[in-house]
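**Q** Residues per chain are reported as follows:
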Amino acid sequence: MSTLKITGGRLASTNAETTLLIRDGEIAALGEVAGQQSADSELDASGCLLAPGFVDLCCNLREPGNGQKGNIASETLAAAHGGFTTLCASPDTSPVNDSGAVTNLILDVAAKRSAVRILPVGAITRGLEGELLSDMAGLAGAGCIAMGNGARPVKNARVLRRCMAYARTFGLTVMFSPENQALAADGYAHDGLVASRLGLLGIPEVAETTAVMEMLLLAEETGVRLHLSQLSCARSVEMLAEARKRGISVTADVAMHQLLFTEDALSGFDSRYHVRPPLRSEKDRQALLAGVRDGVIDAITSQHQPHDSAAKQAPMAATEPGLSTIESTLSMGLLLVNRGELDSADLIRALTTGPAGVIGRSAELREGAAADLCVFDPEARWTPDDTNLRSMGRHVPLPGKELPGVVRLTLCDGRQAWPLNNL
Amino acid sequence: MTANDPSSTSLQLTADGQLRHFLTLDGLSRALLTEILDTADSFIEVGERSIKKVPLLRGRTVVNLFFESSTRTRSTFELAAKRLSADVLNLDINTSATSKGESLSDTLLNLEAMASDMFVVRHSQSGAPHFIAESVTPGVAIINAGDGRHAHPTQAMLDMLTIRQHKGEFEGLKVAIVGDVLHSRVARSQIRALNELGAAEVRIIAPATLLPRDVESLGCTVEYDMARGMKDLDVVIMLRLQKERMEGALLPSEREFYRLYGLSREKLALADPECIVMHPGPINRGVEIESAVADGPQSVILNQVTNGIAIRMAVMSMAMGGQMTERNRKLAGRAEG
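Residue numbers (my numbering), protein chains in the order written: chain Z, 1 to 423; chain E, 1 to 337.
Read the hints as simulated data drawn from the structure, not as lab findings.
Hints are not guaranteed to be accurate.
To be verified - Stretch by stretch, here's where chain Z covers chain E in the computed footprint (C-beta under 8 Å, at least three residues):
no.: 1; segment: 67 to 79
no.: 2; segment: 103 to 110
no.: 3; segment: 149 to 155
no.: 4; segment: 208 to 214
no.: 5; segment: 273 to 285
Stated by the list, open to error - Quick list of simulated restraints, FRET-style, between CB atoms:
no.: 6; chain 1: E; residue 1: E102; chain 2: Z; residue 2: A290; range: 44 to 50 Å
no.: 7; chain 1: E; residue 1: S70; chain 2: Z; residue 2: E131; range: 55 to 61 Å
no.: 8; chain 1: Z; residue 1: T387; chain 2: E; residue 2: R327; range: 31 to 37 Å
All C-beta atoms, glycine included, are put in the ideal place defined by N, C-alpha and C.
Construct all of the structure, not just a fragment, from the sequences and the given hints.
**A** Structural data, given as structure tokens:
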């Protein structure tokens, strides 16, 4: 029997001070009762917040197949460093996760080398090519928690409709990043002021909004549970709210960087901020923030996309989209809290119970439950650099800037995932 | 936000505001643009001598790095560098290294190893010269000879020189840019230059399919009807129309485009009688412009080409001067330290 007592911290959800007693990986006691008991080790969490382990609905681990960009060991350790304990892994690997065999492979590696819990998302079309259905029932049987098409397009509305109907048969959740491929064409930046000035090829807002509308109508007709990944437009949030009012079964998330940055980040051709969907206007950013505050948007994701350095070293059009975010997601959220743009409680909800609800899980600190939590100091500061980053992707947002929020402890399913050394 | 982009500004200017690269007109002041024009004026005289050389870049190596083909721009850059007494190397990269799968960064490392002092860069991707300026060793000047849809600053400046020669000043001028603004790096740089130099109005005349999103934010007005747009114009600049625009469903046909947006004698007659006609070339006769207009008394298209050499000499010598000042300052700083 080993016991750990976490004292002096406050619950992130209510800001009430509490003590946690963890025995053999389980939350044995909470509050005063815990305070009265002794333990083998104790963590003084004064000034820290206690939250359930963060849940990420969209994370790229790059394994199998893209070892130069990242692997399960490196990226899950980075996740633990960022306070995450549950990662929905994108099917966009090599080979694509479109069969039970690949899912098994991922889960086998995860069992050996993962610092946190990996929940694979299965490819909804074979090879993610957007044309033929994958073996969804087989994928679900092997452990996939939802079906999606990564960041890749489904060929047309007919295939999309059949994907949804087939997934509906088995009660599966489908996850799509809404983007009309014909309208997005060769674009790589928001079709707005900055792209016009710099001559960047634009992805118009309608590339997203027409896809959102199409998906909502098809979800309504098929009755599938739809999750919209990585919204970027104000109009999408409006349509989402309206669809929910009409009773369509739909949830949504937004990437943290969409809440903090706008198209202005591309000024000076900074391809670090080449992300997909693109960073849009200030008006869009405000609407996305409001969506998170109102709960219309359920979750904030990291949309972590580790790359090797060469992937970002070229003129913007030739670079790969994506930021290495998972270690700074909490810090970016705290920047928003410090600016008064987001309440701490909303931030924590969108990182915990919100995303957990989307995939039918719970995320709470409760007696008798496995200890799955993170303890972070929202006031402490750190500067992401090569000495402290664990992800293989070093193209972090806000490089060299001092950021708020240091994770002191991450427990995943009762095991210590961060830090690596003993407390 | 229409112009001042701090990251570009600090990249292409030295601490005391001299050019060290020439990537974009964004962030360059009216004083600096005027200095470029004045310097170019002084070089025009060099082109009229029998011995057309000044020793400003003697012993320097200029590499013309063209990732996209060009005849006019490359040859005027080459002439400009030679008239400044530089050694010139022309590299057409679209047919060599990158087609063998070498990355732009690796190509650059190899070229730098040849100890060049200046790269003149043309590339099909917006921002490529920025990327190169950020990655090269300090001391090497980068001159943008046209990048994607972003900027063609030497073209815009030679156009400004041509306008100034014919109109004297920019205050009060009404200038129209006609045609495919969406794909045009030239138009973006011209709009920026005309705004900074104080033109009264920059008017874009084009159908909606050939306009960038929120184009007015660049500092211009939009007119769909060319007859209305020609009214009171002092300068009309025609843009080249690529044949691909028909295939991309941006335009129905060359014929319809010419009928609506081509510069014919009838349309030109609607402008101010002193209105000059410009075109960055190469021109498509009968698509953007009627031959009689291109060759007519109001056309200054060939002056533009001549001015191109002087502007490129000005920019190259100024950027090299900026790099030298910076190098000397660093050396002095090291000696003191």
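**Q** Has the hinted range 44 to 50 Å been met by the Cβ atoms of E102/E and A290/Z?
**A** 47 Å, holds
**Q** Quick check: do three or more residues in the segment 208 to 214 of chain E have a beta carbon closer than 8 Å to a beta carbon of chain Z?
**A** holds (count 3)
**Q** Apply the coverage criterion to the segment 103 to 110 of chain E and chain Z: a residue qualifies when its Cβ sits closer than 8 Å to a Cβ of the chain, and three qualifying residues are needed.
**A** Per the Cβ count (3), the hint holds.
**Q** Taking 8 Å as the C-beta cutoff, is the stated coverage of the segment 149 to 155 of chain E by chain Z satisfied by three or more residues?
**A** holds (count 3)
**Q** Using the Cβ atoms, figure out if S70/E sits within 55 to 61 Å of E131/Z.
**A** 41 Å, violated
**Q** Please count how many residues of the segment 273 to 285 of chain E have a CB within 8 Å of a CB from chain Z and say whether that reaches 3.
**A** With 0 residues closer than 8 Å to chain Z, the segment 273 to 285 of chain E misses the three-residue bar; violated.
**Q** Does the Cβ pair T387/Z, R327/E satisfy 31 to 37 Å?
**A** With a Cβ separation near 33 Å, T387/Z and R327/E satisfy 31 to 37 Å, so the hint holds.
**Q** Can you tell me if the segment 67 to 79 of chain E counts as covered by chain Z, using C-beta to C-beta distances under 8 Å and a minimum of three residues?
**A** Answer violated; 0 residues pass the 8 Å Cβ test.
In summary, the numbered hints that this structure violates are 1, 5 and 7.
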